[in-house]
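These are the residues of each chain, in order.
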Amino acid sequence: MSHAATEHVHGHPALQHHFENMEQQREAGTLGMWVFLVTEIMFFGGMFLAYSLYRWKYPAAFASASNHLDIWLGAFNTGVLILSSFTMALAVYFTQIGKQRPQVLCLVLTLVLGLTFLGVKGVEYHDKYEDSLIPGQLIPSRPFGPKVLKHGEPEDHHKLDLQEGATLGQVEMFYWIYFAMTGMHALHMIIGAGLLTYLLIFSIKRRFGPEYHSPVEVIGLYWHFVDIVWIFLFPLLYLLGRHVGHVS
Amino acid sequence: MSEHIVPVRVYATIFLILLVGTALTVWAAFMDFPWRLNTIVALTIATVKATFVVLYFMHVRYSARLVWVIIISALFWMAILFAFTFADYVTRDWLSLQIG
Chain A
1 MSHAATEHVH GHPALQHHFE NMEQQREAGT LGMWVFLVTE IMFFGGMFLA
51 YSLYRWKYPA AFASASNHLD IWLGAFNTGV LILSSFTMAL AVYFTQIGKQ
101 RPQVLCLVLT LVLGLTFLGV KGVEYHDKYE DSLIPGQLIP SRPFGPKVLK
151 HGEPEDHHKL DLQEGATLGQ VEMFYWIYFA MTGMHALHMI IGAGLLTYLL
201 IFSIKRRFGP EYHSPVEVIG LYWHFVDIVW IFLFPLLYLL GRHVGHVS
Chain B
249 MSEHIVPVRV YATIFLILLV GTALTVWAAF MDFPWRLNTI VALTIATVKA
299 TFVVLYFMHV RYSARLVWVI IISALFWMAI LFAFTFADYV TRDWLSLQIG
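If you're matching them up, the sequences are chains A and B in order.
For the first sequence, the numbering used here begins at 1 and goes up steadily by one.
For the second sequence, the numbering used here begins at 249 and goes up steadily by one.
In isolation and in its complexed conformation, chain A is listed as follows:
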């Protein structure tokens, strides 16, 4: 691997004919990925806007609905995703310095952590299904219709604690937004897991090294972006509700 570095860079098999050298090719790839990520930012931005608008309109309902989410599962998943971003960054690092074994290991860890996140998300979705919180008629046999906690009743986390001024219709709006945002996020995670599998296969075949690591770098950018989306989703969906409702 070390003698390859001294070889003529122009001769690298991964160099496309329309690029001068590997450096230029790598920079163009990174730039292209960032342009794609901008479109992604705008895509999620629209949903964040919808969230902000409805939360501003229905603060009490959003607080009630948000309080039904499991804050600890959300926090755990945030930790899992941050750790996966860390291992992804390390995967890029080990590719850059040409250490194949830790590179493969980091990619495997990232993939496993990503799947862990999706698993926990599945548990959370199932919980919402059980409590009939999936909006509209998305599940025809179980239309939206959560049980509401009665005044003076002992706390039951399966029931919705509907705060004053909130209606079930407004809570349903929260859950439309919740499922749209976390669902799109989860879809991005699934695509990311697919991309990681691709990286893993070619990483095992020793395709990537110090001269050629664009794919690892670029998919890394994508993975970190998905992490950032969650960094915002976690406090907005799980946490902000804790106190919005307390406005008198």
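Bear in mind the hints are in silico, worked out from the structure with no lab data behind them.
Owing to the predicted nature of the structure, the values given are computational and were not obtained by experimental measurement.
Yeah, the Cβ is synthetic: ideal placement off N, Cα and C, and Gly gets one too.
Check each hint, because a few of them may be wrong.
What the hints assert, rightly or not - Label pairs and their computed distance ranges (CB to CB):
#1 Asp156(A) / Arg284(B): 26 to 32 Å
#2 Asp336(B) / Glu130(A): 36 to 42 Å
#3 Val108(A) / Phe334(B): 43 to 49 Å
Unchecked claim - Far from chain A by the CB rule (all over 10 Å, computed), these chain B residues:
#4 Arg309
#5 Ala335
#6 Thr339
Assemble chain B onto chain A, guided by the hints.
Showing chain B alone in chain A's frame:
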């Protein structure tokens, strides 16, 4: 080549900062801050975390100037999206108040 390789030490530091930030935001959610401060605190922590990810995990701190331009333009258009939409929705009630 001119490529910057970020040392593991930096990655580990950022990782720890992100974990601390997560713990902090959960803790802050249970506190009763006055006015809308809970929202502001949560969003500030999230923005700081995101900035660290962008600068170090995504290597933007060491990236070409053009990458900076692309990112800032995205934030700029997001700001337009939010500012114009809210300028509309927030002021709708003002108008009906004057008529009615």
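To see whether the hints hold, each was checked on the structure:
Range check, Asp156(A) to Arg284(B): about 30 Å between beta-carbon atoms, so the 26 to 32 Å window is met. Taking the beta carbon of each, Asp336(B) and Glu130(A) are about 39 Å apart, inside 36 to 42 Å as hinted. Here the CB-CB span from Val108(A) to Phe334(B) is close to 44 Å, well matched to the stated 43 to 49 Å. Every CB of chain A lies more than 10 Å from the CB of Arg309(B), the least distance being 13 Å, so the non-interface label holds.
Its beta-carbon lying about 12 Å from the closest one in chain A, Ala335(B) satisfies the requirement of being farther than 10 Å from that chain. Against chain A, the non-interface label of Thr339(B) holds: every CB pair exceeds 10 Å, the least being about 13 Å.
The structure meets every hint from the earlier list without exception.
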